[in-house]
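Trainee: Sequence:
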Amino acid sequence: MSVTGAGGSADLIVVNGRVLTMDGDNPAAEAVAVKDGAIIAIGSSTSIEEFKGSGTKVINALGGSVLPGFIEAHMHLFSGAAELAHLQLAGVHGFEALQKAIRDYAATHPHARMLVGQSVDYTVLDDERVTRHHLDAILPDRPFVMAAPDHHTMWANTKALEMAGILNGRTLGPGNEIVMGDDGLAAGELREGEAFGPVLDLAGEGRVRLGLATGGEPDPMPSAAERAADRDIMRRGLAWCARHGITSIQNMDGNLYQLELLAEIEAGEGLPCRVQIPFHYKNFMTLDMLDKASEMAERYNSEWLSSGMVKVFYDGVLDSWTAVMVEPYADRPDWVGEPLFTPQQFIDLAVAVDRRELQIAVHSIGDGAVRAVLDGYEAAQKANGKRDSRHRVEHIEVTTTADVPRFAELGVIASMQPPHPPGAMDFPLEPTVSRIGPARWPLSYAWRTLKNAGAHVVFASDWPVSPIDPILGIQAAVLRKPWAESDPDQRFSLHESIAAYTVEGAYAEFAEHRKGMLKSGYMADLVVLSADIEKTAPADLHKLRPVTTICGGKITYQAR
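Take the sequence shown: its position 161, counting from 1, is numbered 998 in this note's numbering, and each next residue is one higher.
No lab work stands behind these hints, which were simulated from the structure alone. Accuracy of the hints is not assured; some may be wrong.
[To be verified] Each computed BS3-like pair below joins lysine-lysine, with the alpha-carbon atoms no more than 25 Å apart: (1) K1391 with K889; (2) K894 with K1391; (3) K1119 with K1129; (4) K889 with K937; (5) K1318 with K1391; (6) K1288 with K1318.
Let the sequences and hints guide you as you build the complete structure.
Mentor: In structure tokens, the structure reads:
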């Protein structure tokens, strides 16, 4: 093997690895040398040993794969970090199991002012939808709320609804709903952020949700102690990312406060991951508020901490009928969902953001939302001229034949999540597949279809909606099965899946010239795995673990 790179003693070398560089010109090697935060050489273990000096840190990969650090292209860092301390309900099924989990958690948190559960299946009670009465039977005297995995629906008990002042309902904006019961009171099911926000506020974690809920800043500003506590939450989330081999984060909610917290951590001990935080534009805002997005982009523009993106929600999710469809839902034939913006409002927004040369990323799950967002991007090109904008559509859980080629034609990135298709990982088939209906299955979660049509497809987890682990996402992408034999095969190969978490992630943030590959001169962001990923059976990929994560040439995680 030949060495590529410059000479000189290295700060760190990784030897005896199965190096997958993701660089087509030099695809495989055994070892990597790092100096001053960058890769200086890639080659055989013998050749890289020549870069070893008296102060060089040596990592023996022991035959494990060495990959570019994973780029998490869609996640929610601040709220996800806070949720690590909540009750985890993934996999809990049936009333008795739910009751035990909630009561056990309540007993161990006697002083919590609000009890919060996460990741409970829509079908936790089979075909029966959860109401406040179910939760009252479990926990009548303390406020409790639990969230579906997608974080777009929550269920609260009566105590929580009373304390939040919404037991009698409340007028909400488009796409949000407090489901009302036959008795004229809230039934307990809360759809979208305006509905469940007042309940979550009882938990005292309002600041972690601001980047999602309002895109605004804390008011009043937190005390020094509160700010320090928020930095600790951020640190917990960053460490969780590093533990899973992640070296770059493209966050999908944001405000200036998140950037300030991360900048404070960077100024102190340094960041273990590179982070991009967007400006979150909500449908109650006016276009002049984009001045703040431009300010954030100008103020934060380093390789460690940046902005430059505007995040938008156009619709909700399939399971609560809040995603926007072209044709009605298969199980609700009079309903196509209600968009959070009118098509013209979004066109005006897209043109305005694009004119500022900022990137746009839009949550668009239903095929109606996907179409409206693509229309907005097309309008922006016509109004402002075509440029390398790399605007993004997030999720794309359903699309149409007519819209598939528009991604490549418009240069739009398809940002998708391998854990999300029901049956691919943790999400059950129902109720989603029945909401979509068999006629739309062939173009649901259509990764392969979009890639074959020339789109850049980038993968991510949407943590905390799904487990953060990129290796689990890679396995889901490789093993995915169609819902019907007649549906197209949407699987990715192993190398395509790794590329979607590395090369494509770098492309999505205009950084393909500096990261996403292991290449001389590129950022020293890499992960060493516990075994050879290419020799691991697809069904066993989940057994692979990151043993060392390196970001900017520094070890950010090492298994003990």
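Trainee: What hint numbers does the structure not satisfy?
Mentor: 4 and 5
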